[in-house]
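With chain A fixed as given, assemble chain B onto it according to the hints.
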Amino acid sequence: MASFTASSVSFSAVSCSFKQNKVSSLGKASLSFSGNGSPSRRLPALRFRVSCAAKPETVNKVVDIVRKQLALPADRDVSGESKFATLGADSLDTVEIVMGLEEEFGISVEEESAQSITTVQDAADLIEKLLEKK
Amino acid sequence: MASTMKYVRVPPNSASLAEARQRVFEFFKTACRSIPSIMEIYTLDDVTSPSQLRSVISSEIRKNAHITNPKVIDMLLFKGTEELCNIVEHSKQRHHILGQYVLNREDRTHDIGNKDQGASDFLKSFYKSNY
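These protein sequences, in sequence, are chains A and B.
First residue of the first sequence: 1, per UniProt numbering; consecutive thereafter.
First residue of the second sequence: 1, per UniProt numbering; consecutive thereafter.
It is worth saying that the hints were derived from the structure and are not from the lab.
A quick note: this is a predicted structure, and the numbers were derived from the prediction, not measured.
Careful, some of the hints might be misleading.
[Unchecked claim] A few chain A residues facing chain B, derived, Cβ under 8 Å:
| id | residue |
| --- | --- |
| 1 | Leu-92 |
| 2 | Glu-96 |
| 3 | Gly-100 |
[Unchecked claim] For lysine-lysine, the following DSS-like pairs were computed, each having C-alpha atoms within a straight-line distance of at most 30 Å:
| id | chain 1 | residue 1 | chain 2 | residue 2 |
| --- | --- | --- | --- | --- |
| 4 | A | Lys-133 | B | Lys-71 |
| 5 | B | Lys-29 | A | Lys-129 |
| 6 | A | Lys-68 | B | Lys-71 |
| 7 | A | Lys-61 | A | Lys-129 |
| 8 | B | Lys-79 | A | Lys-61 |
| 9 | A | Lys-61 | A | Lys-134 |
| 10 | B | Lys-128 | B | Lys-71 |
| 11 | B | Lys-29 | B | Lys-79 |
| 12 | B | Lys-63 | B | Lys-79 |
| 13 | B | Lys-128 | B | Lys-92 |
| 14 | B | Lys-79 | A | Lys-55 |
| 15 | A | Lys-83 | A | Lys-61 |
| 16 | A | Lys-134 | A | Lys-83 |
| 17 | B | Lys-29 | A | Lys-134 |
| 18 | A | Lys-68 | B | Lys-63 |
| 19 | B | Lys-128 | A | Lys-68 |
| 20 | A | Lys-55 | A | Lys-83 |
| 21 | A | Lys-133 | A | Lys-68 |
| 22 | A | Lys-83 | A | Lys-68 |
| 23 | B | Lys-92 | A | Lys-83 |
| 24 | B | Lys-29 | A | Lys-83 |
[As the list claims (entries may be wrong)] Here are some chain B residues pointing at chain A (derived, C-beta under 10 Å):
| id | residue |
| --- | --- |
| 25 | Ala-15 |
| 26 | Glu-19 |
| 27 | Val-24 |
| 28 | Phe-25 |
| 29 | Arg-33 |
| 30 | Pro-36 |
| 31 | Ser-37 |
| 32 | Tyr-42 |
| 33 | Pro-50 |
| 34 | Arg-54 |
| 35 | Ile-57 |
| 36 | Ser-58 |
| 37 | Ile-61 |
| 38 | His-66 |
| 39 | Asn-69 |
Every residue, glycine too, gets a C-beta built ideally from N, C-alpha and C.
Pulled out of the complex, with its shape left as it was, chain B reads as follows:
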């Protein structure tokens, strides 16, 4: 499975938004189909399940669901494919996978509460991304 992942390339340009959509679904399916081997490589059977990993992948895709430029979508797909290839060919380690995809998925955006009312927007989106 790892060797077949190496040849999954994103061809240069999507002609339209519809084609980019199709590419996103292809990518999602490829990722879901490689979940069993990922769970085996990093022995994630105790900490998570395939359906949880699937929902993590879909939430990552949904974070960028508002993008309408096909070229930006292509770029995001390229980065996603690169990340997936790195994971599948065991270039990462277990603590990377756990920290990025398994643990602490819930409490990133709900910890605002009442105590951060005066905080700036920079701090509020600190956990979400750099920008």
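Next comes chain A alone, as it looks inside the complex:
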């Protein structure tokens, strides 16, 4: 148990230092890294970091795939916060978009995670999380 936490602490240390190179999550990454005391405090900090960190190019790729899948014209604004339902996707479209993302990024999304995806930002965050785990 102690060795497991030690290894995951080192993992978060590596990825935090990587994230500090990115402008968007600069302040938040340093915050979560400094909170590294006991293991019980580390876990909330880890979750905090994951929820805000999605690289812009990942979001752009997701937006591209969504646009192609739903055949949206170029003037229709798709951002990180747009929900799939407002873009005119029904549930099968959402599943299809998730499968397209699985293929594009080479990841595999489980059932529970797939249910919780409602916006483009959710999808990008989930992709980031799965890419880090690999």
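Below, chain B without anything else, positioned relative to chain A:
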């Protein structure tokens, strides 16, 4: 992958429409995940792409999107799973796949135009299905 497909069964009855919906999504995901092996088995790399096959599968599912009876949905899922198993275990041949899923997807329903105005409904839905 082919051997794991053999054990994908549809259990007898969905209790509700919601459960049938979940089964449909499961089936769709299984089908999409077996697309790479299908493309390899039948060497479809030149004629189509995985995303096109995905949209073909979703359009086939959408054709029956108006069904509300869970038992009918179960039956359709059974037939879909059977078809998917046949394809994955190479019981079909390349021309079957091409004819049914790859070629001529667009011009089945748009060829009515002006010349078939007097034709009966039977002929108009001739390409769609038997019934």
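Taking the hints in turn, this is what the structure says about them:
1. Hint on A:Leu-92 holds. Least Cβ distance to chain B is approximately 6 Å, under the 8 Å limit.
2. With 8 Å as the threshold, the beta carbon of A:Glu-96 comes within range of chain B, its nearest partner Cβ sitting at about 5 Å, so the hint holds.
3. Contact between A:Gly-100 and chain B, as hinted, is supported at the beta carbon level, the nearest pair being about 6 Å apart and thus within 8 Å.
4. For the given pair, A:Lys-133 sits about 40 Å from B:Lys-71 by alpha-carbon distance, which is inconsistent with the 30 Å threshold.
5. With a CA separation close to 21 Å, the supplied pair B:Lys-29 and A:Lys-129 stays within the 30 Å bound.
6. Under the criterion of a C-alpha separation no larger than 30 Å, the hint pairing A:Lys-68 with B:Lys-71 is inconsistent with the structure, at around 34 Å.
7. For a cut-off of 30 Å, the pair hint linking A:Lys-61 to A:Lys-129 stands: about 16 Å separates their Cα positions.
8. At most 30 Å may separate the alpha-carbon atoms for a hinted pair to count; B:Lys-79 and A:Lys-61 exceed this at roughly 35 Å.
9. The straight-line distance between the Cα atoms of A:Lys-61 and A:Lys-134 is roughly 19 Å, inside the 30 Å bound, and the hint therefore holds.
10. Taking the CA atoms of B:Lys-128 and B:Lys-71, the gap is about 23 Å. The hint holds against a cut of 30 Å.
11. Note on B:Lys-29 and B:Lys-79: the hinted pairing holds, with a Cα-Cα distance of about 16 Å set against a maximum of 30 Å.
12. Restraint check: the Cα-Cα separation between B:Lys-63 and B:Lys-79 comes to about 14 Å, which is no more than 30 Å; the hinted pair holds.
13. Distance hint between B:Lys-128 and B:Lys-92 is fulfilled; the C-alpha atoms sit about 22 Å from each other, no more than 30 Å.
14. At roughly 42 Å between alpha-carbon atoms, B:Lys-79 and A:Lys-55 are farther apart than 30 Å, so this suggested pair is violated.
15. For the given pair, A:Lys-83 sits about 16 Å from A:Lys-61 by alpha-carbon distance, which is consistent with the 30 Å threshold.
16. For the suggested pair A:Lys-134 and A:Lys-83, the alpha carbons sit about 27 Å apart, so the restraint of at most 30 Å is met.
17. Restraint check for B:Lys-29 and A:Lys-134: the C-alpha separation of about 21 Å stays at or below 30 Å, so the hint holds.
18. Between A:Lys-68 and B:Lys-63 the CA atoms are separated by roughly 21 Å; this keeps the pair inside 30 Å, and the hint holds.
19. Of the supplied pair hints, the one linking B:Lys-128 and A:Lys-68 holds, its CA atoms being roughly 26 Å apart against a limit of 30 Å.
20. Between A:Lys-55 and A:Lys-83, the direct Cα distance comes to roughly 19 Å. Compliance with the 30 Å bound is thereby established for this hinted pair.
21. Pair hint A:Lys-133 plus A:Lys-68 holds up; C-alpha atoms about 28 Å apart against a cutoff of 30 Å.
22. The hinted pair formed by A:Lys-83 and A:Lys-68 meets the criterion: a straight-line CA distance of about 16 Å does not exceed 30 Å.
23. Between B:Lys-92 and A:Lys-83 the alpha-carbon distance is near 40 Å, which puts this suggested pair outside the 30 Å criterion.
24. This hinted pair checks out: B:Lys-29 and A:Lys-83 have alpha carbons roughly 21 Å apart, not beyond 30 Å.
25. Using the Cβ-Cβ criterion of 10 Å, the hint placing B:Ala-15 at the interface with chain A is not satisfied: the shortest such distance is roughly 18 Å.
26. Here the hint on B:Glu-19 is broken, as its CB sits about 14 Å from the closest CB of chain A, past 10 Å.
27. For B:Val-24, the interface hint holds, since its Cβ comes within 10 Å of a Cβ in chain A; the closest pair sits about 8 Å apart.
28. Because the smallest distance between the Cβ of B:Phe-25 and any Cβ of chain A comes to about 5 Å, under 10 Å, the interface hint for this residue holds.
29. The interface hint given for B:Arg-33 holds, since its Cβ lies 8 Å from the closest Cβ of chain A, which is under the 10 Å cut-off.
30. A least Cβ separation of about 8 Å between B:Pro-36 and chain A falls short of the 10 Å threshold, and the interface hint therefore holds.
31. The interface hint given for B:Ser-37 is broken, as the beta carbon of that residue sits about 13 Å from the closest beta carbon of chain A, more than 10 Å.
32. Of the supplied interface hints, the one on B:Tyr-42 is violated, with its beta-carbon coming no nearer than about 18 Å to a beta-carbon of chain A, more than 10 Å.
33. With its C-beta approaching chain A no nearer than about 6 Å, B:Pro-50 sits inside the 10 Å limit, and its interface hint holds.
34. Annotation: interface hint on B:Arg-54 holds; nearest CB of chain A at approximately 6 Å, less than 10 Å.
35. Contact between B:Ile-57 and chain A, as hinted, is supported at the beta carbon level, the nearest pair being about 9 Å apart and thus within 10 Å.
36. Given hint, B:Ser-58 at the interface with chain A, holds; its Cβ is 5 Å from that chain's nearest Cβ, closer than 10 Å.
37. At a threshold of 10 Å, the smallest CB-CB gap from B:Ile-61 to chain A is about 6 Å, leaving the interface hint in force.
38. Hint status for B:His-66: violated, given a least beta-carbon distance of 12 Å to chain A, over 10 Å.
39. Interface hint status for B:Asn-69: violated, as the beta-carbon distance to the closest one in chain A is roughly 18 Å, over 10 Å.
Checked against the numbered hints given earlier, this structure breaks hints 4, 6, 8, 14, 23, 25, 26, 31, 32, 38, 39; the rest are met.
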